[in-house]
Amino acid sequence: MREELLPMLRGAADRTIELVQSVPEEQFGLPTPCADYDVKELINHLEWVASLFESLAGGGGFLPPKDYTGDFAERVEHMLAAWEKPESWEGVSEGMGLPKTVLAHMALTDLVGHGWDLARATGRDYEVAEETAARLLAFAKDMAPMGRQKGAFGDEVAVPDDASTLERFLGVIGRDPAWKP
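If you count the sequence shown from 1, position 82 lands on 82 in my numbering, and the numbers rise without skipping.
Derived from the structure by calculation, the hints contain no laboratory data. There's no promise every hint is true.
[To be verified] In silico lysine-lysine, DSSO-like type, Cα no more than 30 Å apart, as pairs:
1) 180 / 141
2) 40 / 66
3) 150 / 85
4) 66 / 85
5) 66 / 150
6) 150 / 180
7) 40 / 141
8) 40 / 180
9) 40 / 150
10) 180 / 66
11) 85 / 141
Make the full structure from the sequences, and use the hints.
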């Protein structure tokens with residue numbers, strides 16, 4: 001699993017870093033498909049996500065969110081370094097009580113889901129490899145009941161029959177692939 005998921009995490013991280021670094025401050029107040037956040041708050045959430053999944057991969061606990069610092073790229077590189085260690089994939093996280101392989105999928109879900117949110121909010125495209133989208137769709141379908149119960153996923157959004165795999169994933173996690181600011 002590690003050998004399959006690490007390149008997916010790297011690809012999503014690289015694309016999301018590129019997006020975060022390209023957002024000018026004038027766009028920080030724009031709304032996003034993730035109704036809880038404007039663009040700046042979404043980037044701040046991504047910073048926290050990277051630090052959280054670094055901590056959880058290394059056997060640490062749940063971290064509280066912090067204020068925006070503008071260091072997403074650095075944080076996500078630390079997160080990836082933590083997941084590169086074989087022991088990061090073993091056992092159950094003390095911080096969340098979930099298998100670490102599930103946490104790796106959650107990190108990928110956050111990077112792609114919120115990367116797409118950021119791209120859509122700022123008028124950019126977000127592409128992901130078909131293999132990654134298929135993995136995320138399967139994971140999201142399995143985790144949707146718990147994700148909705150915990151507030152991580154919104155209500156499922158119906159997508160057209162001819163929707164792409166990425167769009168179907170987005171619908172499962174509660175995003176409308178046709179969302180526009």
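Against the structure, the hints come out as follows:
1. At roughly 25 Å between alpha-carbon atoms, residue 180 and residue 141 fall within 30 Å of each other, so this suggested pair holds.
2. A distance of roughly 13 Å separates the Cα atoms of residue 40 and residue 66; the hinted pair therefore holds under the 30 Å criterion.
3. Under the criterion of a C-alpha separation no larger than 30 Å, the hint pairing residue 150 with residue 85 is consistent with the structure, at around 28 Å.
4. Using a Cα cut-off of 30 Å, the hinted pair residue 66 and residue 85 holds, with the two alpha carbons roughly 26 Å apart.
5. For the hint pairing residue 66 with residue 150, the CA-to-CA distance comes to about 20 Å; that is within 30 Å, so the pair holds.
6. Proximity of residue 150 to residue 180 is assessed by CA-CA distance (about 26 Å); at most 30 Å being required, the pair is judged to hold.
7. Of the pairs offered as hints, the one joining residue 40 and residue 141 holds, with about 29 Å between alpha carbons and a cut-off of 30 Å not exceeded.
8. Pair hint residue 40 plus residue 180 holds up; C-alpha atoms about 17 Å apart against a cutoff of 30 Å.
9. With a C-alpha separation of about 23 Å, the suggested pairing of residue 40 with residue 150 holds against the 30 Å cut-off.
10. Proposed proximity of residue 180 and residue 66 is supported: the alpha carbons are some 28 Å apart, at most 30 Å.
11. At most 30 Å may separate the alpha-carbon atoms for a hinted pair to count; residue 85 and residue 141 meet this at roughly 28 Å.
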